[in-house]
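Enquirer: Take a look at the letters that make up each chain.
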Amino acid sequence: MEIAVSTRNISKTYPGNVEALRDLSLEFPRGQLTSLLGPSGCGKTTLLKIISGLLEPTSGEVEVNGKPVTGPGPDRAFVFQDFALLPWADVLRNVAFGLELRGVPVSEREDIAQQHIKNVGLDGFEKSFPHELSGGMRQRVGLARALAVESEVLLMDEPFSAVDEQTRRKFQEDLLGLVERENKTFIFVTHSIEEAVYVSDQIAILLPRPSRVHEILRPENLRTKGVSDIRRDPEYLDTVDRIWASLRSYVE
Amino acid sequence: MHAKIMSRSLNLKLLSAIVVFGIWEIAGRIPISYGFPTFFESMVALFSMLIDGTLLQAYMDTLRPLVVGILISAFLGIALGLWIGLSNWFDWLVSPIFIIMQAAPLAALIPLLVMVYGIGLTSKVFVVCIMAMPVIVLNTAGAVRNTPINLKEMAASFLGTDKDIILRVIIPSASPIIFSGLRLGTSAGFIGAILAELKITPTGVGDIITFSRSIADYPSMYAAIFSIILLAVCFLNLLEIIERTLFRGNVRGYVSD
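Residue numbers (the working numbering), protein chains in the order written: chain X, 56 to 307; chain Y, 32 to 288.
The shape of chain X in the complex, shown without the other chains (with noise of 0.2 angstroms):
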């Protein structure tokens, strides 16, 4: 097993001594989608973060692809909890925007962007502005955005706990075709329990105060499932519970 991003004794404190993180260390295996689960204040959007060079860790460092990262890369790219898309672009500029940045020219990006706008299913909406769009919508901008720019790791900071329920299944569904059909490293923090379950390789469940790394699980059979299985499946429903389990101390 491979590991694409590795994290060492990360602490992180804020201003005003508010202490984030604590000598977090993980490793996120290759191809593979590893969630950070943990209730609210554990400081797992902290760690994606750090991760993505946004933020920088007080001590401590991050790895990708054995290189130290000292700020926002091309081997990374992010999907917001709240799409972060440009109000005043179009559906074709915000996905191209990435590529925009990094001084692609005009014709070509626009080509990519297209691309990569029909394989998340908004063919049509090229010319739409994002207040046209519905939230599920706006996130297929935001997924076809971070494809676009072809990084090795994708950061998604819960990416879908602003889309509705049926929306949230169909791209847990679709999200577990992507892992499968693209050869990325997903980091994907969601504060879901049986959204973690379902859709990773890897669980790292983070505790607060101060925040650590209390376990990490493993599903072993559910990526042999079908999407439509998953949710009954024996090992499915025991994780959930285990999780649970140890979670539910923390909770208020």
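Keep in mind the hints are simulated off the structure, nothing from the lab. A hint or two may mislead.
With the Cβ distance kept under 8 angstroms, some of the chain X side facing chain Y (calculated, not the full set) [unchecked claim]:
| id | residue |
| --- | --- |
| 1 | Ser107 |
| 2 | Leu109 |
| 3 | Val124 |
| 4 | Pro127 |
| 5 | Trp143 |
| 6 | Gly153 |
| 7 | Leu156 |
| 8 | Pro160 |
| 9 | Phe180 |
| 10 | Val204 |
Below, simulated DSSO-like cross-link-like pairs (lysine-lysine); rule was C-alpha separation at most 27 angstroms, straight line [unchecked claim]:
| id | chain 1 | residue 1 | chain 2 | residue 2 |
| --- | --- | --- | --- | --- |
| 11 | Y | Lys183 | X | Lys239 |
| 12 | Y | Lys183 | X | Lys122 |
| 13 | X | Lys239 | X | Lys280 |
| 14 | X | Lys182 | Y | Lys183 |
No residue lacks a Cβ here, since even glycine has one placed at the ideal position from N, Cα and C.
Starting from the known structure of chain X, arrange chain Y on it as the hints suggest.
Expert: Okay, now just chain Y, sitting in the frame of chain X:
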């Protein structure tokens, strides 16, 4: 359907103009005061001034400090506002000047300006700038400071440089409020230009107003006032059109939340 709404809003605008001018006409016929001409008298005066070239000549004088002042206020104001919004220490250093400028009673400052800069173009440009610039600067600074953090983080995570983030995120995101500052600043600038002509030296439209009042030619006086309001309204509409063509998706507001 869109065209229908447009034509309805145009009809409403025309209707409201007819109502206002009708009331003006009636008030002038009563008359509510000997110094208050009817709408038609004023329009006749307006057209005669238009035809004999007085008005054109007057606007050549009035527009010079106005245009220069508004251009300075717009470019310098937006630049300063950007800087204030991006840098805390520059905010502490410069913001108070504009807050004071906004609060200061301008008419009281005019003698001071005249003493320093004389009665020429410079003083008048200054008056226009003092009126127009604070709201442009303060609006721009506020909008820049309030750029949604998630958009800045998004651009940074996709490898945007500081320059990219300013040009492709902060400015477009601040543009609705920058434009509203420009509109407010421009209308204040019009007030400043006329005030300068009334208080410093009577030239241009201010001269027509002062002179026709002194010889009791009230229709011309109201015609001059009417023309400057009309010009200001046209200019504000032009700004709105520019804004709508530059930032189409912005008009209908933010959706990221």
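Enquirer: Against the earlier hints, flag every one the structure doesn't satisfy and list their numbers going up.
Expert: The structure breaks hints 3, 8 and 9; every other hint is satisfied.
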